[in-house]
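Asks: Below are the chains, spelled out letter by letter.
Number of protein chains: 2
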Amino acid sequence: MRVGTYTLRLKNHPRIVAGGSAVGKKEGEGPLKNYFDHCFTDTTLGEKSWEKAESDLQQEAVKSVLEKSGIKPSEIQYLFAGDLLNQCISSVFGLRSMNIPFLGQYGACSTMAQTLGLAAVFVDSGLAQNALAVTSSHFCSAERQFRLPLEYGGQRTPTAQWTVTGAGALLVGQKGNVSIEEVTFGRMADLGVKDAANMGAAMAPAAAQTIEDYLKDTGKKPEDFDLILTGDLGQVGSVLLREILNQDGIDIERQQNDCGLMVYDRQNQDVHAGGSGCGCSAAVFSSYVLRKISEGDLKHVLFIGTGALMSPTSSQQGETIPGVAHLVHVAWNAQA
Amino acid sequence: MRVGTYTLRLKNHPRIVAGGSAVGKKEGEGPLKNYFDHCFTDTTLGEKSWEKAESDLQQEAVKSVLEKSGIKPSEIQYLFAGDLLNQCISSVFGLRSMNIPFLGQYGACSTMAQTLGLAAVFVDSGLAQNALAVTSSHFCSAERQFRLPLEYGGQRTPTAQWTVTGAGALLVGQKGNVSIEEVTFGRMADLGVKDAANMGAAMAPAAAQTIEDYLKDTGKKPEDFDLILTGDLGQVGSVLLREILNQDGIDIERQQNDCGLMVYDRQNQDVHAGGSGCGCSAAVFSSYVLRKISEGDLKHVLFIGTGALMSPTSSQQGETIPGVAHLVHVAWNAQA
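Residue numbers (my numbering), protein chains in the order written: chain P, 1 to 336; chain U, 1 to 336.
Okay, chain P solo, but in the shape it has when bound:
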C-alpha cells in the first residue's frame, strides 16, 4: 500500500528469516568481529583472483542463510543480487549454481537496501514465498577497478573511505521476529560533487532526500526509531547528512549511525573516513544489526543504503557523482 508519495507500507509484514555475513581480515579484526558468520584471513580465499574471492564471499554468506533458516534453494523464488564490479560479476559467478530466477540489481553501495526492499515487496505482494537479497564488495577488486593498482601504493586523501571486503545475504520470507514494515525507494540526487575520493559528500544529499521523503510520507519522527542507519556515508558524509537535515528542521543526531563507522575501529585501523562498498552495509546489517533487532534490543530501525552512481569513465569524462539512497524500515516483532 502506498503511503504518501514515495513510501510503500507492507501490509503482510514480511520477515527477514535469516541473515548471513562473510568478511575479510581487516573487518574480522574490527569491533563487530564476533558478529560475522565467517572471517577470512586470506584476501583471495584460496582463489586465483580477488574477483573470484568476492564471489566466494557471496557464496559463504548465502550458505549461512540457508543453514540458519533451514530453507532450501528450491523454496526460494527470486534472487536479487548485484555488486560494484563491472557487469556485476561477483553476483553472477557467486550465485550461478543456485538455480533460482536471478534479477541482477545495480544500486552501487545501496544494493543491500535495494535488494532487501525488492525482496520484501515481492514477498509482501505474494509474488514469492521466499526471496533472497545478496551483495558484496572486496577492497582489492574495487581498488584496482575504480582507482589504482594496489602495488602502486597510492596515497589516500582524508575523505577517502576503505572498501569493505565482505558480503551479506538476507532471506525474506514468512518466519521469524524481524519484520519489514515499509520501503522507500529513492530518487537520484546530484549536487555537483565530482571528487571520487569523497563519496560520503556525494551520497549525503540522496540519503537526506530519502529520509525526508519517508518522514513526510509516514508522519513519523526520528524519535520513533532506535537507530537510523546509513550504509556508507562514513565520517564526512554522516556530518553532512545531519547538517542537511538540520537545515530542514530534522534532528537525527541521537539516532543516526553509519555502517561505515561501525565496521572499523577508526582510531586503530587506518581507514580514514570509514568503510564503504556494497559489502559494508551488507555485512554490518546482516550480522550485528539484525541480531540486535531479533533480540529486541533495537525495536525500530531505518536502514538506508547509500550509493554513489559513477564509474571511472564517467569521472574521467568530467561527470559529477549522483547519489541514490533506498530506505527499509525493519522492526522487532514480539510474536515470532
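In short, the hints are calculated from the structure, not lab data.
Any given hint could be a false lead.
Because identical chains cannot be distinguished in the list, a pair is counted as satisfied if it fits within a single copy or across any two copies.
Using 25 Å as the maximum straight-line C-alpha spacing, the simulated PhoX-like pairs for lysine-lysine come out as follows [unchecked claim]:
(1) Lys-299 with Lys-33
(2) Lys-48 with Lys-194
(3) Lys-216 with Lys-72
(4) Lys-292 with Lys-33
(5) Lys-220 with Lys-11
(6) Lys-221 with Lys-63
(7) Lys-299 with Lys-68
(8) Lys-11 with Lys-25
(9) Lys-72 with Lys-194
(10) Lys-221 with Lys-68
(11) Lys-220 with Lys-25
Position chain U against the provided structure of chain P, taking the given hints into account.
Replies: Coordinates of chain U only, in the frame set by chain P:
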C-alpha cells in the same frame, strides 16, 4: 498469482501505455527504419563522448514515451533501467534529472525484458500506477569497453554480433490496448561457452530454459503465439535455441524470430550473425513489435530478453559465460 514454478500471471493485465525508441545511423538504414521514433546519423549525437551519446538515446526514447502517453514524470512512481556500461552509467546520467525513484537493473542484454517484467509486476500489484522501463546500448561505447579500441579495426569472427546503437523505453500503466499477461523471470544457465565472440551460443540455453519453464508452467503451446521473439540470439543462437527445444519435443520454428535478425538487413549490412546489446531488443520491441501488437496484427507475443553475463575481466580470468533470459507475455486487448 504464481502459475507453476516460475511464472507470474498478472491478474490486472497492466498495459504498455506507450513505447519510445531512438537509434543510430546503421539501425536507421535497416528494415525497421520507419518504425523508430528517432534515427540519429551522428554517432555522438553532438556530445563529446559515445557514453554521453548513449545517455542521450535513453533521454530521447523516454521523451517519446512521455509525449505519446501524455503522462508526466511526476505521475510515474518507479524507473527500472540499466545498460551494458560499467556501473550502468548510460542509465544514471541519461535519467538522473527525472526525479523518479530509480531502481538500477543489470540483466546484460536481457534488460528490456527484465525492466518491463518488473514494471509490470509493480503496476499489477498496485505498488505503482505507472512505471517506466528503459535500456540502451551503443556500438562504439560497447566496443571500446568490451573488446578493442575502434581505431584498431579488429577483424570480427562470423559468429560475432553487432551491438545496436539504440534505446527503448516502455511505460507500463493503466491505459491502452496492449497488456502484459504473464512474466517468467529466468534462472542462469551455463553450458560452458567461453567464446565472447559467440554470445548467441552462450545465451541460447538460457532462452530455451525460460521458454520451457513458461510452457510447462502455463500448459500453453508455441501455436498459442503469433510471435516468439528472442532478444539478441542472432543467427547462431537462434538456430541453437530451436535445436535445444526440438530435442525436448518443442517446435518453435514457425513462431520464433529474433530482434537481432530483424534490426539489420544481414544481406546488405555487414553485421555478421546479427544485432545484439540491450538496445537491440529494446529498440525493436518498443517500436515495430509494439506497433504490431497495438494494431492487432500480433495478438499474443512472447518477448524473451536474452543476456550474456560476463565482463572482460571474467573472460580474461578464464570464466565461462552464463546466460539468463526473462520472458514477458504481451497481448493485444480489443477493449482499450
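Asks: Would you pick out the hints that fail for this structure and give their numbers low to high?
Replies: When the structure is compared with the hints, numbers 6, 8, 9, 10, 11 turn out to be violated.
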